[in-house]
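Peer 1: Chain by chain, the residues:
Protein chains: 2
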Amino acid sequence: MKCYGFGMKLSQGVEWMLHSVAVIAQAPAGTAVARRVLAENYDLPEAYLAKHLKALVRAGVLVATTGPTGGFRLARDPAGITALDIVEAIEGSAPPFTCQEIRQRGLAATPPELCRRPCGVAAVMDRAHQAWRSTLQEVTVADLVKLTPKPLRDQLVARLSSGR
Amino acid sequence: MKCYGFGMKLSQGVEWMLHSVAVIAQAPAGTAVARRVLAENYDLPEAYLAKHLKALVRAGVLVATTGPTGGFRLARDPAGITALDIVEAIEGSAPPFTCQEIRQRGLAATPPELCRRPCGVAAVMDRAHQAWRSTLQEVTVADLVKLTPKPLRDQLVARLSSGR
Ligand code: FES
Ligand code: FES
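Chains as they are written, first to last, in my numbering: chain A, 1 to 164; chain B, 1 to 164.
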């Protein structure tokens, strides 16, 4: 699927889920956060949020629990989940640049024996993507929680403990 | 315009134009490369290529000349044009992540006085985008030319000199 002419765009789900996973990380130990609570937290459409929560479960970032106190909890320690894990769970891990090997076409066609490695253009586009990934990989959910102002964290923990 | 669910995608024009600008950089001094020559070089659809060439002229990367020997030449030294200039001419410079300030909505709403700076999530997404941009900014068209195998460059220069 191509998205010609709109430029690179990340879905709104990235913002929702980076914030929502940080919320889940603040739930009292052993408790899950209900989807309704996550939706109300930032006033997000619950049906659409469900899709993204599912993607995070599939990616092994969250675990879904069922029953009256069911919901979502982290699949592992917040210091072991990176922003990249969350972004790629939602957007997939395909790089935004795809080389169509145009160098092997037309009058300028490079002979196959000179095409064993990616060309210079493909290499720089890949380097840029890896730089983007590295930055997101250096930030964990534990870091994102710490970046939230303390009074807000206290409020949130109080609300999550009361189950509302 | 949003492109939900397809992930980040760069248009094929990025590959075309990074390669084509490197071709134009190899034209004999003072000569322009015709659009037809650029299209034939990598077997690219000429009408679609025209759209991207126009974007590069608008961005001040290329200059269009008219008349029987008209075509495109670099607007400045190849060492002064970066891969980023070309990519952003085609894709625009809007970052792929847009913060919708969800932190100010819902039950978890952050009071405005705590929202004077971007939140931690927006900050990390911005950092990743800047890392991507920096990588592309470090590579110039002169570098891309040098990354092309020498025999291919010689062939190209011979063909461009003959105007075919
Ligand atoms: S051939 Fe695809 S980027 Fe060079
Ligand atoms: S409020 Fe938009 S990314 Fe945090």
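Read the hints as simulated data drawn from the structure, not as lab findings.
From the three backbone atoms N, C-alpha and C, an ideal C-beta is built for every residue, glycine too.
Don't take each hint at face value.
If you want the footprint, here are the derived chain A segments under chain B, 3+ residues with CB under 8 Å [as the list claims (entries may be wrong)]: (1) 10-20; (2) 65-73; (3) 96-103.
Some chain A residues well away from chain B (every beta-carbon gap over 12 Å; in silico) [stated by the list, open to error]: (4) Pro-28; (5) Thr-31; (6) Ala-32; (7) Ala-50; (8) Gly-60; (9) Gly-80; (10) Arg-133; (11) Lys-146; (12) Ser-161.
Peer 1: Was A/Thr-31 rightly flagged as not at the interface, with every chain B Cβ beyond 12 Å?
Peer 2: Per Cβ check, A/Thr-31 is outside 12 Å of chain B; nearest 17 Å; holds.
Peer 1: With d taken as the least Cβ-Cβ distance between A/Ser-161 and chain B, does d exceed 12 Å?
Peer 2: holds (14 Å)
Peer 1: Apply the coverage criterion to the segment 96-103 of chain A and chain B: a residue qualifies when its Cβ sits closer than 8 Å to a Cβ of the chain, and three qualifying residues are needed.
Peer 2: holds (count 7)
Peer 1: Hey, is A/Ala-32 genuinely clear of chain B, shortest beta carbon separation above 12 Å?
Peer 2: holds (17 Å)
Peer 1: Is the nearest CB of chain B more than 12 Å from the CB of A/Arg-133?
Peer 2: Nearest chain B Cβ is 8 Å from A/Arg-133, so the label is violated.
Peer 1: Evaluate the condition: distance from the CB of A/Ala-50 to the nearest CB of chain B exceeds 12 Å.
Peer 2: holds (14 Å)
Peer 1: How about the segment 10-20 of chain A: do at least three of its residues have a C-beta closer than 8 Å to a C-beta of chain B?
Peer 2: holds (count 8)
Peer 1: Does A/Gly-80 sit more than 12 Å from chain B, CB to CB?
Peer 2: holds (17 Å)
Peer 1: So A/Pro-28 supposedly isn't at the interface. Is its beta-carbon more than 12 Å from every beta-carbon in chain B?
Peer 2: holds (16 Å)
Peer 1: Should the label of A/Gly-60 as a non-interface residue stand, given a Cβ cut-off of 12 Å to chain B?
Peer 2: At about 19 Å from chain B, A/Gly-60 clears the 12 Å cut-off, so the statement holds.
Peer 1: Counting residues of the segment 65-73 of chain A whose CB is closer than 8 Å to a CB in chain B, do you get three or more?
Peer 2: Coverage by chain B is violated for the segment 65-73 of chain A (0 residues, Cβ < 8 Å).
Peer 1: Does A/Lys-146 clear chain B by more than 12 Å, comparing its Cβ with all Cβ atoms of that chain?
Peer 2: violated (8 Å)
Checked against the numbered hints above, the structure violates hints 2, 10, 11; every other hint is satisfied.
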